[in-house]
Each structure stands twice: as C-alpha cells, then as structure tokens.
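Novice: Those protein sequence lines, which keep their order, are chains A, B, C and D.
Residues in the first sequence are numbered consecutively from 1, following our numbering.
Residues in the second sequence are numbered consecutively from 1, following our numbering.
Residues in the third sequence are numbered consecutively from 1, following our numbering.
Residues in the fourth sequence are numbered consecutively from 1, following our numbering.
Honestly, I wouldn't trust all of these hints.
No distinction is drawn between identical chains; accordingly, a pair holds when it is met within one copy or between any pair of copies.
Below, simulated BS3-like cross-link-like pairs (lysine-lysine); rule was C-alpha separation at most 30 Å, straight line [claimed, not checked]: (1) K54 / K25; (2) K54 / K98; (3) K183 / K54.
Simulated from the structure, these hints should not be mistaken for lab results.
Protein chains: 4
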Amino acid sequence: MARPSTNIDAGRAQLLDVVEHLIRKRGGGPVTLTELAAEAGMSTANIYRFFASKEALFEAVAERWFEPKIRIMEQVVSSNLSAREKLYEFFARRFLLKRDGYLAEPELFVSYLDLGDQHEDIVRGFIDLGDHYLAMIVSQAMDEGYFAGLTIDRTVSLINLMLVPFIDPRHIITLMHSVSEEKLHQIVDAMLLGLREPGLATPHLRLAAAAE
Amino acid sequence: MARPSTNIDAGRAQLLDVVEHLIRKRGGGPVTLTELAAEAGMSTANIYRFFASKEALFEAVAERWFEPKIRIMEQVVSSNLSAREKLYEFFARRFLLKRDGYLAEPELFVSYLDLGDQHEDIVRGFIDLGDHYLAMIVSQAMDEGYFAGLTIDRTVSLINLMLVPFIDPRHIITLMHSVSEEKLHQIVDAMLLGLREPGLATPHLRLAAAAE
Amino acid sequence: MARPSTNIDAGRAQLLDVVEHLIRKRGGGPVTLTELAAEAGMSTANIYRFFASKEALFEAVAERWFEPKIRIMEQVVSSNLSAREKLYEFFARRFLLKRDGYLAEPELFVSYLDLGDQHEDIVRGFIDLGDHYLAMIVSQAMDEGYFAGLTIDRTVSLINLMLVPFIDPRHIITLMHSVSEEKLHQIVDAMLLGLREPGLATPHLRLAAAAE
Amino acid sequence: MARPSTNIDAGRAQLLDVVEHLIRKRGGGPVTLTELAAEAGMSTANIYRFFASKEALFEAVAERWFEPKIRIMEQVVSSNLSAREKLYEFFARRFLLKRDGYLAEPELFVSYLDLGDQHEDIVRGFIDLGDHYLAMIVSQAMDEGYFAGLTIDRTVSLINLMLVPFIDPRHIITLMHSVSEEKLHQIVDAMLLGLREPGLATPHLRLAAAAE
DNA sequence: GATGAATGAGGCTTCATTCAT
DNA sequence: CATGAATGAAGCCTCATTCAT
C-alpha cells in the first residue's frame with residue numbers, strides 16, 4: 001500500500017539509461033546536465049528530483065558499473081572455498097564479466113572507462129572496496145600458511161600488481177586472446193607459493209638496459 | 001619590417017614547452033589558458049598570437065607527441081624493405097620509442113595520455129594517419145601474396161587488434177616486461193602466414209559459459 | 001457544494017502555525033516553501049490553495065504578528081481618553097505586549113524579527129498604519145493645544161524618534177531593565193509640554209569634536 | 001616603476017563604492033552580483049577580476065566598515081594610558097564614530113547593518129577581533145588590581161553585556177540622546193570598582209514579575 | 001608586439017510557481 | 001482536494017575569446 005516516493009527509483013534508472021545512451025552515441029567526453037536533460041526530454045532542474053547533485057548522479061552511474069563486480073566479490077568472500085580457490089575465483093569471475101561486457105558493446109565499454117577517468121574520486125571508493133575484500137581473502141590465506149612474513153597490505157598491493165592484466169579494464173581489450181583461466185590459475189599458484197618476505201637483493205631494470 | 005613569422009614559430013615552440021612543463025609538474029587535469037599564460041609569463045590574449053584557438057594549441061601538442069612516430073612511419077613506408085620487414089619495423093620502432101619515453105619520464109608520459117583523452121577528436125586524426133600508412137604496407141603485402149581474400153581495411157583492422165599491446169601506450173606500462181622484439185617478430189609472421197579469409201566457424205565464449 | 005472557504009481559513013491558520021513552529025525550531029533563516037510543505041506534511045503545490053504566493057503567505061505571517069498591536073491602536077484611538085492619556089496608552093500597551101512576548105519565547109521573538117528583515121516591504125505597510133493612527137492622536141492633541149507650530153507629520157516623526165526604545169523590538173531585549181511605565185509617562189509629558197517649533201539654534205556634535 | 005597589478009585596487013574601491021551607492025538607493029535587501037554588475041556598468045564575470053568570490057567582496061565591504069573602528073582599537077590598546085582610561089576611550093571613541101556615521105547618512109547606516117545580518121559569518125570575525133583587543137585591556141586592568149577573581153574571558157563577556165548600548169549599532173539610533181560621555185565614564189568606573197567574583201546569590205527576574 | 005580589460009556562453013544549483021491528474 | 005511532476009528564472013562561478021590601446 002505504501003508507495004514511498006512514487007517512481008523516483010524508476011526515474012533514476014531511466015536517467016542512468018539515458019546517460020548510457022548518451023555515451024554510447026557520442027563517446028566519452030564530459031556529460032553535461034544540460035546535455036543529459038535535453039536527451040532525457042526534461043529540464044535540468046528536474047534532474048534534481050532524482051539525484052541530489054551531479055556528483056550523486058555519477059556515483060549512481062559508477063554503482064551500476066560496479067554492482068555486479070561487488071556481488072561477485074561478496075559471494076566469493078563469503079563462500080566456503082579454500083583461500084587458493086577464493087583467490088582464483090575472485091579474479092577469474094570478474095575478468096570474464098568485464099571481457100564479455102567489452103565483447104558485447106566495445107564502444108560503450110570504453111566510454112564508461114573514460115567517464116571513470118573524469119570522476120576518479122568516485123571510482124577510488126569502489127577500488128578501495130575491492131581491496132577490502134581482497135584483504136579478507138589474504139587474511140584467510142595467511143591463516144592457511146601463505147604469504148609468510150608479509151603484511152596484509154603489502155600482500156594486497158603485490159597481488160594487485162601482478163594481476164593488473166586481469167583487473168584493469170583498459171587491458172581487457174588487449175589481453176583477451178592471451179589470457180586464459182589456466183594462466184590465471186598458474187599465476188595464483190605462483191603467488192601463493194612464491195610470495196613471501198624477500199631474501200635476496202632484487203635485480204633491477206636489466207631488461208630495460210638490454211632493450212636500448 | 002623584421003621577419004614576422006620566424007618568432008611566431010619560436011613562441012609556438014616555447015608555449016608547447018610550457019605546456020609540457022605544466023603537465024610535468026602538476027599531472028593530467030585540464031589545462032586552462034589562464035593557467036598556461038601564467039606559467040608562460042604572458043597574457044592569455046597573447047597566446048592567440050601563436051595559436052588561433054585552444055583547439056589549435058592542443059593540435060600542436062599532439063603533433064609534437066606524434067611527430068617522431070610519423071617520421072618513423074614515413075621512413076618505413078618509403079623504404080625498400082619487403083612487406084614483412086616493413087611490417088615489423090613499422091611497429092617495433094614505435095613501440096621502443098614509446099617504451100623509452102615512458103621509462104625516461106613516466107609521469108609526464110601518463111599526463112600526455114590524459115591530455116589525449118580530453119581531446120579525442122584531435123588524436124583520432126593521427127590514428128587515422130597511422131592506418132593510412134599501414135594500409136600502404138598491407139597493399140604491398142597483398143602484392144606479395146599475403147592476406148588472401150581479405151580487404152585492405154579489414155586487414156588493417158585485424159592487425160591493429162592483434163598488436164594493441166605494441167601500439168596502445170596505456171598498455172606499455174603493463175606489458176613492458178612481457179613484450180619483446182622476438183614476440184613481435186613471431187606475431188608479425190603469424191599474421192602474414194595466418195591472416196586470410198576464415199574457412200570455419202569460430203568457437204566462442206566457451207570460457208564465459210563455464211564461468212557462470 | 002460544501003462550504004468551500006471555511007476550511008481554507010483553517011488551513012491558512014494551520015500553515016501560519018507551521019511557520020511559527022518552523023522558525024521556533026531552527027531559527028531565523030529564510031523559509032523555503034519546500035521546507036514549509038515538508039513540515040506541514042503537504043505538497044508545495046497545495047500551499048497555493050491557501051495563499052496566492054509566498055509573498056501573500058508572509059503578509060499573513062506579518063498580519064498575525066501585528067494584529068494584536070493593531071487592535072490595541074484601534075481601541076486607544078477610538079476611546080474617549082484625552083490626547084495625553086491616549087498617547088501614553090498607545091505606546092505603553094504595545095511595549096508591554098512585545099516585552100512579554102520576548103520574555104515568553106525569546107528565540108521565537110528574535111526569529112520573527114529576522115523574518116521581518118527579509119520582508120521589509122511587507123513590514124513597512126504596518127509601520128505606516130501605526131503612523132496613521134498616531135497622526136490621529138496627534139491631531140487630537142493639536143486640537144487640545146499641544147505641538148504648537150509643528151505639522152502633524154513632523155510631530156509624528158519626532159515622537160517616533162523619541163520613543164524608539166519603546167517601539168523597536170530590537171531594543172526590547174536590551175532595554176527591558178531600564179525602561180518603565182513611569183519613564184514612558186515622563187517622556188510623554190515631556191513631549192506634550194516641550195515639543196514645539198524650535199526657537200533657538202541646536203547645539204550640535206560638540207561631543208564628536210571633542211573625541212577626535 | 002613596478003606597477004604590480006594595474007588598477008585592480010582602484011577597481012576594487014570603485015566596486016565598493018557602487019555597493020554603497022546601491023544600498024544607499026534601495027535599502028538593505030541582498031545584493032546580487034547581477035545587480036551590482038549592472039549598476040557598475042560591467043559584466044558579472046568582470047567582477048571576478050577584482051574579487052575572487054561574492055564572499056570576498058562582502059568581506060571587503062565589511063572591512064571598509066570596520067577599518068576605522070579597528071584603527072581606533074589599535075591606537076587605544078597600544079597607547080600609554082591607564083587601564084581605566086583605555087577602557088573608556090575604547091568604547092567612547094567608537095561610539096561617537098558610529099553615532100556620527102548614523103547622523104550623516106541614517107539610511108545608509110541602517111542598510112549596512114542589514115548587510116551585516118546577511119553575512120553573519122564575516123561579521124563575527126571582526127567582532128572576535130574586538131574581543132581580542134578588549135581582552136588585552138582587561139589583562140592590563142587585572143595587572144592593576146581590577147576584576148579580582150574573574151577570568152579574562154568572563155570579564156570580557158560581562159563588559160560587552162553592560163555596554164551593549166554603546167556598542168551595538170542597532171541601539172545607536174535610540175540611545176543617541178540618552179547616552180553621554182559622563183554616563184560612559186560612570187559605567188566604566190562602576191565596572192572597574194564593582195566587577196569581581198560574586199559573593200552572594202543573584203536576585204532574579206523580580207522586575208519582569210512586577211511588570212506583569 | 002603585447003597587454004589589461006571585458007565579455008558571453010555555459011556549467012551547476014535552488015526555488016517559487018504551475019498544471020494535469 | 002491534493003499531489004507529483006515539471007519548469008524557468010535567477011544565482012554564483014569559470015573560461016575561452018575578443019579588442020582597444
């Protein structure tokens with residue numbers, strides 16, 4: 001019986017659709033409220049019935065983008081799998097999700113990335129959230145004996161570094177053909193076995209010198 | 001009475017230096033003419049003596065960025081090499097140029113990329129130019145018997161797709177360690193030997209299905 | 001079919017209550033229709049059933065504030081008292097009314113004053129009305145021989161000036177302890193006896209010169 | 001030789017004049033940049049050459065208003081007078097300044113007060129500055145044996161309370177006739193002699209009850 | 001050749017007001 | 001009778017651009 005605020009949510013969703021339609025049709029440049037209002041067939045003032053600010057609107061856009069990834073992370077973290085399996089699933093599932101998203105609508109995918117570049121602050125929150133979940137898995141892994149001598153934070157940072165090609169959507173396009181589940185498995189295992197407090201000095205930049 | 005346009009060119013170059021200095025020192029955000037004028041020690045109005053518009057200025061910035069790449073492409077295309085050798089040189093030389101540029105000044109490199117994101121239209125022109133040169137090489141390759149059954153455009157597109165890791169500067173950072181001249185050689189050969197009209201249906205997305 | 005306007009008046013009164021409740025609870029800032037509607041549990045649009053405009057609403061607020069003062073003035077003016085008695089009652093009764101209002105709810109009192117500041121045009125009308133009544137008393141006083149050589153307007157102005165501490169609510173707070181009915185009596189008598197065309201030059205600003 | 005920023009200061013001053021002219025001619029309502037620009041014969045954008053924001057502009061307006069008062073306070077505080085003399089001068093000089101300002105242009109004076117009401121935050125800073133100077137005098141007075149048992153802050157607060165009629169411009173209008181240098185002298189002396197830690201319970205509100 | 005001055009268009013946001021239902 | 005929906009005007013601010021000097 002109680003319909004709290006009519007169809008405000010529907011309007012919100014529709015506006016997000018319009019944003020999507022907009023960047024789908026004209027690429028990644030900054031989205032203006034004027035432009036959005038025109039495309040949505042409403043006044044700029046009316047947009048404020050649905051979103052408290054431009055910032056809030058693009059938070060919602062980001063949320064729409066990140067929501068399925070977050071659901072995956074939650075599922076994986078709260079599952080009964082071993083740390084090794086969780087680690088694998090944690091990255092594999094999201095990688096496949098992004099890759100398929102790109103395959104379905106390459107240009108839209110890229111435009112979303114551009115949008116993310118323009119709202120780094122908003123994006124950062126979601127990235128931190130991902131690190132938070134990863135830290136929970138790392139913690140479990142430590143309980144199981146992995147990552148000896150490393151802090152959680154440092155481990156999280158190293159893992160992110162090694163798996164950039166599976167995480168960064170900018171690289172999804174490139175790596176679609178060279179990345180496979182087997183490789184991810186291998187890398188995850190390598191991390192679990194090999195990531196620990198370093199015992200010897202690191203050889204540095206030899207490759208770069210050779211390439212000159 | 002004096003040579004009028006000679007100093008214009010000098011001023012232009014100096015302004016481009018200032019732009020570089022600016023993004024080197026404060027990262028990738030949008031560059032304002034006010035900001036640029038202040039850094040250059042001149043009035044915003046005076047900038048218009050050197051560039052007809054902000055757009056023109058950033059065209060020049062892009063030109064400065066792309067100029068060495070263009071020279072490479074011209075040299076390669078107009079050389080006496082075989083299509084196979086041209087194809088290799090075409091990508092290898094530019095890849096090394098970018099990689100070294102990144103290694104020399106990583107932050108400046110990234111800031112330039114950000115700038116490129118903000119002026120996609122300008123960038124697109126240079127990309128098209130690259131495709132134009134590539135098409136000339138592909139044409140020669142076809143004369144030499146490669147790419148049977150494919151159109152020039154389609155071949156150019158496929159090649160670009162396969163070589164993204166060697167082209168897209170966004171990937172240079174990530175892929176520096178996993179990319180080598182040998183690999184490029186291999187890929188080029190694989191393209192020449194393998195790229196032709198497809199004869200059988202492509203198996204697709206099996207991974208995605210499994211991941212669900 | 002039913003009595004239409006009866007409930008309108010009730011709604012009007014209720015809205016004025018809500019305005020009062022609002023400024024009572026959050027002080028004197030500008031009152032927004034959105035805010036008022038929320039507090040009243042109705043839509044902003046519905047407010048227009050009761051008041052033709054925001055202006056009209058605040059006229060009503062002012063009227064509620066001024067109404068008891070007006071009644072007092074009417075009673076005094078239409079009474080059978082002498083000019084001297086009228087003059088005293090005219091100011092004394094209203095002063096006590098305001099002072100007690102302030103003592104009862106100091107913050108509400110102050111908030112109303114703030115509201116008045118934001119709607120000077122509305123307030124001015126009521127002030128003019130007060131001057132009108134005062135002029136009637138002055139006229140009677142002149143008939144009784146007072147204020148020789150002065151015009152009505154000038155007399156009204158002078159009286160207002162001398163009695164500011166008894167009139168201006170802004171001063172009520174400060175002067176509560178130093179003002180008394182006896183003093184008002186004295187001042188009224190002084191005015192009646194002393195206010196007449198000046199016969200000698202006014203000594204002026206000697207203090208200011210000394211202070212320099 | 002170095003003329004730092006042309007006539008930005010002149011423009012600033014002129015704009016403040018325009019603000020003054022504006023409130024002189026149409027009273028105290030909020031001053032809009034559009035309105036100000038129109039009156040000044042320039043575009044709103046151009047105002048920003050002189051003031052970084054609307055806030056900054058009204059800070060300057062306030063500064064213009066407070067500047068002579070501040071100079072007086074500085075002079076008094078840094079003089080060689082006794083605490084008693086300083087205390088008297090501190091309030092007397094500023095009171096005379098305000099009173100004369102009101103006498104010279106009553107409506108302008110009032111409009112400035114309205115403006116102050118609309119920018120309370122800006123005004124508060126200057127009021128705090130006044131308290132700071134007063135605290136220095138109080139400190140000296142304590143060295144001379146006054147205000148036994150009281151803290152500086154509490155003394156400052158009490159003094160401000162007792163001298164409201166000499167400080168608050170809202171009361172200047174009223175009190176012009178009832179306030180004199182002698183009275184101020186008396187009050188100052190009374191404060192110096194009488195203000196100390198209270199020894200007996202305070203009788204409360206008897207007056208208010210009597211007035212009922 | 002170079003500058004300070006000035007502008008207009010456009011961006012985000014708030015709010016009183018209207019209207020179909 | 002009342003509402004949600006929608007708007008337009010106005011406010012502050014930024015910035016590329018122009019122009020007289």
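Novice: Tell me the hint numbers this structure goes against, listed in increasing order.
Specialist: 3
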